[in-house]
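Let chain A serve as the given structure and place chain B on it in line with the hints.
There are 2 protein chains.
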Amino acid sequence: MKQINVKPKANSYTIYIGSKINIVNIIQKINRELSLGNKAILITNFTLRHLHRDALNKLAVLRPEVIALPDSERIKSFRYCMKLIKVISKFDYKNKIFLIGWGGGVIGDLTGFTAAIYRRGISYIQVPTTLLAQVDASIGGKTAVDIEKGKNLVGTFWQPRSVIIDTTFLNTLPVHQIKEGLSEVLKYALISQKSLLRYLETNHAKVFAKSTKTMEKIVYECARIKAGIVTKDEKEDLGIRTILNFGHTFAHAIEAASSYKISHGKAVALGIIAALRLSELETGLNPEITKRIQALMEKLKLPLRLKRDRKFWKRVEKHMRFDKKFIHNTTRFVLLEALEKPVIKEKISISAIRRSLEFIKP
Amino acid sequence: MKQINVKPKANSYTIYIGSKINIVNIIQKINRELSLGNKAILITNFTLRHLHRDALNKLAVLRPEVIALPDSERIKSFRYCMKLIKVISKFDYKNKIFLIGWGGGVIGDLTGFTAAIYRRGISYIQVPTTLLAQVDASIGGKTAVDIEKGKNLVGTFWQPRSVIIDTTFLNTLPVHQIKEGLSEVLKYALISQKSLLRYLETNHAKVFAKSTKTMEKIVYECARIKAGIVTKDEKEDLGIRTILNFGHTFAHAIEAASSYKISHGKAVALGIIAALRLSELETGLNPEITKRIQALMEKLKLPLRLKRDRKFWKRVEKHMRFDKKFIHNTTRFVLLEALEKPVIKEKISISAIRRSLEFIKP
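Just so you know, the sequences run in chain order A and B. Residue numbering for the first sequence follows my numbering, beginning at 142 and increasing consecutively. Residue numbering for the second sequence follows my numbering, beginning at 142 and increasing consecutively.
If we strip away everything but chain A, and leave its shape as in the complex, we get (with noise of 0.2 Å):
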């Protein structure tokens, strides 16, 4: 088992990474060095109550009142979130408690957030069961639920007291969630370890194969990039944090021109092209390292092109004109110069977003 420490100011934490890691041990051990509770609380959904049964059947000696949702994105909801709180209060009658939130991204947003919000602000312990959620959504603090209005407009910043990363957990994972994943971790390639794209390019066969250890070196490096980036800064204003965001920016619009039928993976896949060849225009990076990660990502199956009609595309603009990461009026994107070495742009005209565009259409 490996172990990263995530420093952000207000809170140090630990991420554990490791393939049938002992979980019960590692909460009862951070439980007794950072009183959490006497009562823990575990958040998953019915599929995973059954698909890990086992697993969960191990944590019985720490008596968690499990609490499975449907598995569905519309519990990241901020109505949602409002019955999970009348639920986890009833056993707040003389004890502490605390939260583990076990699943995917969906259930790691929901339960960060009602952790933050719960009595000013309660802990919890994240137990990331999705490739995307191990290398991204568990580590860093941010949670949100959605509104009718748009997503993630309701969160705060509200770090877990540890994530525990069992890798052995992505085995039962379907091949479309593993490329949920795998945009990202191409993404902390391009912005930050040229080495973990050379694995990547020689290792892609053993990701869809699983491979234990082939899991688990991809996932501590993301998590090892994630949490440095977090430590330095927390609550994305020093614009350290901005740099993940690389390729989000299309993605973001994608996604929403789609009205969300385009999987956030899929669209980060498409963003990332666009936005190298953006940079391409923007920065003068070089056009090889775009055909490269081409060449990589139709190994890892991630789509490279997008056939959508006119006014999809049309909506894909405006979207990206009001964007949260970049709203009010300056558009601004993080571009790669060259491999690991992300800057951040802004004013770019709306000639050259409909160029970049043009390049994932078929």
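Read the hints as simulated data drawn from the structure, not as lab findings. Owing to the predicted nature of the structure, the values given are computational and were not obtained by experimental measurement.
Each pair may be met inside one copy or between any two copies, as identical chains are not told apart.
Below 25 Å or equal to it, Euclidean Cα-Cα: the simulated DSS-like pairs (lysine-lysine) are:
1) 292 with 235
2) 237 with 292
3) 376 with 148
4) 376 with 237
Here is chain B on its own, set in the frame of chain A:
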């Protein structure tokens, strides 16, 4: 106009205190310095929108959206916050919005909590209009809303970017609302400033005459005390901020036992007497101090005793065992050793608590 700086770790800000102060000028100045946003959303209630129409009209230059809510405690709820967020998100297109909470504690708490969770935190300014909000609730960044299960169970720490206090707003405040604030004023005097106690003993008549000079002096001294404490212990995790709970453990139990029919201010007055009595028993506080405070409280028209049946007092006891402030089976009390000498005591016996409660029965 006087200024007080609050300097918690996360964000420092200024409290402006005066009578007939130029609120627009101050907001514009803060906005220039801190870039709060280009769209102000002012949250108030129907009563204040009418009572303060002149002051509010002067804000026209800011082109704020004014949202007036019912003048009721029930708007301080998770449900209402959700509604409010729906409304404010409408103004968030192409704009950077910030909130102004114009009202008493209910408006201030709802505004602060909404600002805390919208887009992971936006700026807000407090314009407290009651004595209680001016001396206490508006300062310190404790935000909260109620859920069915209990008061203030959902909330965060989120500091305002400024607190603007115009003591002339107190002129339209009914006497019972002045008294609501006086209990807290008395608390500050006891835990931190003997001279304020003497000031109240000499000037109590001027308080009820709402003398501008007197109100400004009292609000300024209390705000200064609270600002000092909050600066040292923003999130109540260092035990310093805890002293602000003097009298409040009893008070919360009395409020809850009455199903919130007894107001916070009255409950705090009674709680202070009980806490002084408990201090006599536990720390050897000189009983002359209790007598002196009782005499002052009569002059301030605050209740010294409460007539209720046996069942009521049983409920008070029960609530005290599970108060949010001393949950998890340690009964933690703020007591006084002497004037200006608060101490935190744990493991107070139930018999001492009962003897203290006897003291506020007729």
